[in-house]
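J.: Spelled out from the first residue to the last, the chains are:
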Amino acid sequence: MTLKALFAASATATLLLALPANAAELTVGFSQIGSESGWRAAETSVSKQEATKRKVNLKIADAQQKQENQIKAIRSFIAQNVDAIFLAPVVSTGWDSVLKEAKEAKIPVVLLDRDIDPSGKDLYLTAVTSDSVHEGAVAGDWLAKTVGDKACNIVELQGTVGASVAANRKKGFDTAIAKHANLKVVRSQTGDFTRAKGKEVMESFIKAEGGGKNICAVYAHNDDMMVGAIQAMKEAGLKPGKDILTVSIDAVPDIFKAMVAGEANATVELTPNMAGPAFDAVAAFKEKGTVPPKWIQTESKLLTAADDPQKVYDSKKGLGY
Amino acid sequence: MTELLPRRGLAQILALIVILAVDRVVSPQFFDLRLQDGRLFGSLIDVLNRGTPVALLSLGMVLVIATRGIDLSVGAVMAICGAIAASLADSHGLPVVLAAALGAGLICGLWNGFLVAVLGMQPIVATLILMVAGRGIAQLITEGRIVTFSSPDLVWLGNGAILGVPVPIAIALGMLILTGAVVRGSALGLLIEATGGNARASELAGVGTRAMILAVYVWCGVCAALAGVIAAADIMGADANNAGLWLELDAILAVVIGGTSLFGGRFSLVLAVLGALIIQTMNTGILLSGYPPEFNLLVKAVVVLAVLLLQSPKLSGFAGIMVRLRRTKP
Numbered sequence: 593m594t595l596k597a598l599f600a601a602s603a604t605a606t607l608l609l610a611l612p613a614n615a616a617e618l619t620v621g622f623s624q625i626g627s628e629s630g631w632r633a634a635e636t637s638v639s640k641q642e643a644t645k646r647k648v649n650l651k652i653a654d655a656q657q658k659q660e661n662q663i664k665a666i667r668s669f670i671a672q673n674v675d676a677i678f679l680a681p682v683v684s685t686g687w688d689s690v691l692k693e694a695k696e697a698k699i700p701v702v703l704l705d706r707d708i709d710p711s712g713k714d715l716y717l718t719a720v721t722s723d724s725v726h727e728g729a730v731a732g733d734w735l736a737k738t739v740g741d742k743a744c745n746i747v748e749l750q751g752t753v754g755a756s757v758a759a760n761r762k763k764g765f766d767t768a769i770a771k772h773a774n775l776k777v778v779r780s781q782t783g784d785f786t787r788a789k790g791k792e793v794m795e796s797f798i799k800a801e802g803g804g805k806n807i808c809a810v811y812a813h814n815d816d817m818m819v820g821a822i823q824a825m826k827e828a829g830l831k832p833g834k835d836i837l838t839v840s841i842d843a844v845p846d847i848f849k850a851m852v853a854g855e856a857n858a859t860v861e862l863t864p865n866m867a868g869p870a871f872d873a874v875a876a877f878k879e880k881g882t883v884p885p886k887w888i889q890t891e892s893k894l895l896t897a898a899d900d901p902q903k904v905y906d907s908k909k910g911l912g913y
Numbered sequence: 011m012t013e014l015l016p017r018r019g020l021a022q023i024l025a026l027i028v029i030l031a032v033d034r035v036v037s038p039q040f041f042d043l044r045l046q047d048g049r050l051f052g053s054l055i056d057v058l059n060r061g062t063p064v065a066l067l068s069l070g071m072v073l074v075i076a077t078r079g080i081d082l083s084v085g086a087v088m089a090i091c092g093a094i095a096a097s098l099a100d101s102h103g104l105p106v107v108l109a110a111a112l113g114a115g116l117i118c119g120l121w122n123g124f125l126v127a128v129l130g131m132q133p134i135v136a137t138l139i140l141m142v143a144g145r146g147i148a149q150l151i152t153e154g155r156i157v158t159f160s161s162p163d164l165v166w167l168g169n170g171a172i173l174g175v176p177v178p179i180a181i182a183l184g185m186l187i188l189t190g191a192v193v194r195g196s197a198l199g200l201l202i203e204a205t206g207g208n209a210r211a212s213e214l215a216g217v218g219t220r221a222m223i224l225a226v227y228v229w230c231g232v233c234a235a236l237a238g239v240i241a242a243a244d245i246m247g248a249d250a251n252n253a254g255l256w257l258e259l260d261a262i263l264a265v266v267i268g269g270t271s272l273f274g275g276r277f278s279l280v281l282a283v284l285g286a287l288i289i290q291t292m293n294t295g296i297l298l299s300g301y302p303p304e305f306n307l308l309v310k311a312v313v314v315l316a317v318l319l320l321q322s323p324k325l326s327g328f329a330g331i332m333v334r335l336r337r338t339k340p
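Protein chains in written order, with the numbering used here: chain A, 593 to 913; chain B, 11 to 340.
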């Protein structure tokens with residue numbers, strides 16, 4: 593056998609081996625929670641975009657906030673023999689048996705946005721989530737840096753009492769500002785993650801703190817509450833963004849509108865792109881057998897008025913927030 | 011002594027005064043008022059302003075409850091009508107927006123009334139249907155997003171002022187006077203009470219009970235629609251997931267605090283609205299107090315229990331006995 597023939601043969605073999613991975617594009621089933629928030633809608637549309645970018649065939653099943661629907665969807669994905677299953681779990685427990693079925697069918701499962709009960713760690717490939725403690729810390733660090741050595745009384749709009757995201761965002765922020773003696777949270781109440789409650793609570797904060805004169809900054813666990821709080825400040829004759837600094841989390845389009853108007857200062861992005869890193873992890877796992885780490889942390893990017901809020905707003909407003 | 015004071019309403023007025031006094035203690039500037047951009051500004055105004063949606067809901071709810079019914083769908087109707095108003099606000103004038111939103115509320119009320127009055131369904135089940143489906147309808151209208159608008163006319167409904175009085179407060183007051191004039195200025199109120207007291211006997215006596223029931227659900231739907239429009243105007247956006255969420259329970263609570271029995275019959279519009287204000291005075295007080303939010307619901311529960319105990323006939327009978335005993339003892 594000549595060297596040339598050997599070369600040709602090995603090239604054909606490589607081609608043959610490579611073919612299934614390249615030509616037959618990846619099919620991924622995604623069990624999405626349902627329309628619980630604007631962020632969720634944005635996550636769905638970004639997932640579709642990322643799938644198109646990578647030529648992945650993405651099948652989305654909307655569970656309408658019900659675990660039984662998610663379990664049904666996963667079973668049907670297994671029956672269709674998809675290459676991977678993405679799951680945004682509506683609750684953290686009760687997944688063991690259906691994930692075992694997926695494991696037996698050798699279909700890798702990737703968790704998006706939320707983690708599940710620790711007992712099931714070996715049942716999924718990886719979890720792509722954001723670290724909400726870190727998000728709070730990014731917000732706290734920004735405020736500490738911006739305020740400098742000045743004394744600063746902070747009021748906090750918490751998320752829903754009992755929600756882990758709210759507890760984590762509070763913890764991260766508290767830890768970050770604990771290093772600075774000049775920063776102090778003087779009032780903290782729940783705004784239930786909504787605009788209406790954010791506004792109502794901020795109205796009472798303003799009255800309780802000398803018409804807002806004693807408040808130097810507002811920290812809200814999400815942008816929606818901050819949008820409400822900004823309205824409350826304006827109605828009280830205060831200038832949000834100038835008289836009172838604002839920092840919140842999520843990066844929904846409307847906070848950038850406020851930033852353009854100079855009424856909001858900073859937000860920490862909870863990226864709706866959880867599927868992108870998940871597709872990459874699955875592709876690497878399928879092609880090269882690379883086992884990803886159990887947790888892929890998404891970036892919690894700080895966005896301020898310096899980051900061209902108009903451009904960010906334009907890029908985000910079509911996503912379904 | 012008891013003859014000099016109006017027996018009805020005394021407990022509610024007393025409760026409101028006590029809660030206001032407690033608010034004054036936790037927040038010394040509670041009664042401070044000033045003008046801000048031509049609008050009255052202060053905690054007291056917050057109480058009235060934030061209490062408006064529940065006060066409006068309770069105006070409709072009290073009539074429904076007087077007929078021995080209940081309407082669980084008002085929160086969802088708020089979400090639907092707020093969503094409709096917000097979606098139309100930037101492309102249509104205020105009259106069209108209001109007509110569409112209030113019309114939708116009217117249709118929702120007709121639906122509930124039809125199920126209860128014509129098909130004879132149990133009110134709690136009949137209105138549960140719209141409570142569940144309604145939020146879904148609202149989400150379909152907004153496509154799960156928060157629909158924002160900038161139409162100054164609609165925003166005025168939430169944030170404007172008439173002679174310094176915030177518009178929502180003026181609307182609620184207007185609705186109270188209108189509803190009161192209609193049901194108490196005519197025999198309508200009496201007929202509603204008769205329907206709730208004993209539907210069969212009223213029917214035999216010639217009261218159109220079916221029409222009465224239909225009418226109160228329609229009015230309840232319209233009141234909920236108005237509350238929904240105001241809630242949307244307030245935050246310049248319609249949040250289908252959260253607008254009016256659980257407010258049906260606050261509205262029922264307001265009616266009950268107002269002394270109207272869930273078994274129907276005698277009702278009081280003013281006391282139902284007073285009930286809504288008691289709830290909101292307490293809510294605002296909790297927010298001003300600076301207690302950790304974990305206590306919010308606990309404090310609310312204790313205060314509601316106390317207000318209801320004040321009204322309990324058994325308990326006031328017991329108190330009367332105690333007073334008599336003390337008088338006779340020495």
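Don't read these hints as lab results, they were simulated from the structure.
C-beta atoms are modelled at their ideal positions from N, C-alpha and C, and glycine is treated no differently.
Please note that the accuracy of each hint is not assured.
As the list claims (entries may be wrong) - Chain A side only, calculated, beta carbon under 8 Å to chain B, not exhaustive:
1) S627
2) A671
3) D675
4) Q750
5) A755
6) A759
7) N760
8) D899
9) Q902
10) D906
11) K908
Said to hold, decoys possible - The calculated lysine-lysine pairs, modelled on BS3-like cross-linking and capped at a C-alpha distance of 30 Å, are:
12) A:K762 x B:K324
13) A:K849 x A:K878
14) A:K763 x B:K310
J.: For a quick check of understanding: which of the numbered hints are violated here, in increasing order?
T.: 2, 3, 5, 6, 7, 8, 9, 10, 11, 12, 13
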